[in-house]
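S.K.: Sequence:
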Amino acid sequence: MKYAVLSTIAVAVVTAVLCSAQPASAQDFGRMLGRLAERTVERGARNVIDEATRPGDRPRSRSSESGSAATGGRDDAPATNEAAIPAPAGVEPWPINAGHRAVVRPHQFVFSPESMAQKQAFSEASRYSCTACEASMDIDSWRKFIHPDRDTYSAWGNLIASFTVGRVMDWRGNHVDGRITVVSEVPVGGFECRQLRHRISTREATPRVTERPGLICYGKRDQYSGSNTWHEVF
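Take -6 as the starting number for the sequence shown in the numbering used here and just add one per residue.
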């Protein structure tokens, strides 16, 4: 489109010059400008072809755009047909891409829909209304409430990693009471990890108890991390 506009402008310039020039010289000068205009249009056409075939400028397909949106911009590992390392008996959660060569950071682990649903249900069980909170709600099981001075990823991970297997940390939220237990220290996909058990119970005559597994691992959090740290993966 932009080169079509340029060619139109070039023709307009030629016309203006021919109209204002002397009859004897206008014919020669017009031929010269005409050749210049032709070369300009030809060069523009070549540029259009070059831009259309340049890999870096090709528009993304709808599928690639939807895939990026689905991952929320995360640093996900490419999908492969590799077989995952099977979970040892009784160890959970276990990523479905454990051992894949494309997984170079613990946060690239992918967990089953069933595991993700269990994690979501746990958060929902600790949700409560709060008129002074954003969106008029908050979640007791978020780590910023469990241990406020260890709210960052590395600080929270380092705290839990310092616990030996069997160590328990109790915490009290606004509406639920919680407990975190370190249940094992089984490596996952080549990364040093700790498996956890999260448990919450409501403060009712008959408490409602909800549990889910958890996982912290040692490695780079993302592609921008300069060093390995302990951080929450699930």
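Think of the hints as simulated: they come from the structure by calculation, not from any bench.
Keep in mind that a hint or two might mislead.
Here are the in silico distance ranges between beta carbons for each label pair [unchecked claim]: (1) R201 x A76: 35 to 45 Å; (2) Q216 x E178: 23 to 33 Å; (3) C126 x A76: 38 to 48 Å; (4) I78 x S220: 22 to 32 Å; (5) S194 x M109: 29 to 39 Å; (6) E107 x S177: 13 to 23 Å; (7) V103 x S147: 30 to 40 Å; (8) E117 x G183: 30 to 40 Å; (9) R94 x N167: 14 to 24 Å; (10) A95 x S177: 42 to 52 Å; (11) T124 x E75: 44 to 54 Å.
Only a predicted model underlies this, so the values are computations on that prediction, with no experimental measurement involved.
We put the CB at the ideal spot given by N, CA and C, even for glycine.
S.K.: Are the hints correct? Go through all of them and say.
M.R.: Status of each hint after checking the structure:
no.: 1; hint: R201 x A76: 35 to 45 Å; in the structure: holds, 39 Å
no.: 2; hint: Q216 x E178: 23 to 33 Å; in the structure: holds, 26 Å
no.: 3; hint: C126 x A76: 38 to 48 Å; in the structure: holds, 45 Å
no.: 4; hint: I78 x S220: 22 to 32 Å; in the structure: holds, 26 Å
no.: 5; hint: S194 x M109: 29 to 39 Å; in the structure: violated, 22 Å
no.: 6; hint: E107 x S177: 13 to 23 Å; in the structure: holds, 20 Å
no.: 7; hint: V103 x S147: 30 to 40 Å; in the structure: violated, 22 Å
no.: 8; hint: E117 x G183: 30 to 40 Å; in the structure: holds, 33 Å
no.: 9; hint: R94 x N167: 14 to 24 Å; in the structure: violated, 44 Å
no.: 10; hint: A95 x S177: 42 to 52 Å; in the structure: violated, 26 Å
no.: 11; hint: T124 x E75: 44 to 54 Å; in the structure: holds, 50 Å
This entry does not satisfy hints 5, 7, 9, 10, going by the numbered hints stated previously.
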